[in-house]
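Using the sequences and the hints given, assemble the complete structure.
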Amino acid sequence: MASIPVYSWRLAPEGLATVRQLRARGLRPGGQDVAAQIERPRYRRGPLVAYLYEIDRAKPVRPMTPAKWAALAKANTARRTCPECRRDAGYVIPASLGMCVTCAYPDDEQRAA
Numbered sequence: 001m002a003s004i005p006v007y008s009w010r011l012a013p014e015g016l017a018t019v020r021q022l023r024a025r026g027l028r029p030g031g032q033d034v035a036a037q038i039e040r041p042r043y044r045r046g047p048l049v050a051y052l053y054e055i056d057r058a059k060p061v062r063p064m065t066p067a068k069w070a071a072l073a074k075a076n077t078a079r080r081t082c083p084e085c086r087r088d089a090g091y092v093i094p095a096s097l098g099m100c101v102t103c104a105y106p107d108d109e110q111r112a113a
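Residue numbering for the sequence shown follows our numbering, beginning at 1 and increasing consecutively.
Source of the hints: derived by calculation from the structure; they are not laboratory data.
Beta carbons are placed, not taken as given, at the ideal position from N, Cα and C, and that holds for glycine.
There could be a bad hint or two in this list.
Just the calculated beta-carbon pair ranges, DEER-fashion [what the hints assert, rightly or not]:
1. A104 x I4: 44 to 50 angstroms
2. T102 x G26: 40 to 46 angstroms
3. R42 x A73: 35 to 41 angstroms
4. L11 x Q32: 17 to 23 angstroms
5. L11 x K59: 25 to 31 angstroms
6. S96 x R28: 32 to 38 angstroms
7. R57 x M99: 45 to 51 angstroms
8. V92 x G26: 24 to 30 angstroms
9. C85 x L11: 51 to 57 angstroms
10. A36 x C85: 50 to 56 angstroms
11. S96 x A70: 26 to 32 angstroms
12. V49 x V92: 26 to 32 angstroms
13. R79 x R23: 20 to 26 angstroms
Have a look at this one:
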């Protein structure tokens, strides 16, 4: 089994990029294996590791289809709908509350009025 090259932070050669850097260029790894990795040292902890891919072997990002747009809109609507009062809260319901703020704190609403 061959090991991949490891580079220090900001010392990777040209032609390699992380997934985020590929995405900023409108590309994706496209099934290729990791070409190298970079390590950024951290104080009192293990290093941060980022995997690098070859830019010239990357493929373009697949475009969103109408079905994907519809699924994304449905998922975002579900995240904004309160399970208690069934209204669209206008914001993403906090996972810590599990319901909209007005349902979670009904006494505060009465005091404000």
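Hints, one by one, checked against the model:
1. Checked against the hint of 44 to 50 angstroms, the C-beta distance between A104 and I4 comes to roughly 49 angstroms, which is consistent with it.
2. Hint check: T102 to G26, Cβ distance near 42 angstroms, so the stated range 40 to 46 angstroms holds.
3. Taking the beta carbon of each, R42 and A73 are about 39 angstroms apart, inside 35 to 41 angstroms as hinted.
4. Taken as a hint, the range 17 to 23 angstroms holds for the pair L11 and Q32, whose Cβ atoms sit roughly 22 angstroms apart.
5. Here the CB-CB span from L11 to K59 is close to 27 angstroms, well matched to the stated 25 to 31 angstroms.
6. Separated by about 34 angstroms at the C-beta atoms, S96 and R28 satisfy the suggested range of 32 to 38 angstroms.
7. Taken as a hint, the range 45 to 51 angstroms holds for the pair R57 and M99, whose Cβ atoms sit roughly 47 angstroms apart.
8. A hinted range of 24 to 30 angstroms for the beta carbons of V92 and G26 is consistent with their spacing of about 27 angstroms.
9. Between C85 and L11 the beta carbon distance is about 55 angstroms. The supplied range of 51 to 57 angstroms therefore holds.
10. At roughly 52 angstroms, the beta carbons of A36 and C85 sit within the given window of 50 to 56 angstroms.
11. For the pair S96 and A70, the beta carbons lie near 29 angstroms from each other, so the given range of 26 to 32 angstroms is met.
12. Separated by about 31 angstroms at the C-beta atoms, V49 and V92 satisfy the suggested range of 26 to 32 angstroms.
13. Between R79 and R23 the beta carbon distance is about 23 angstroms. The supplied range of 20 to 26 angstroms therefore holds.
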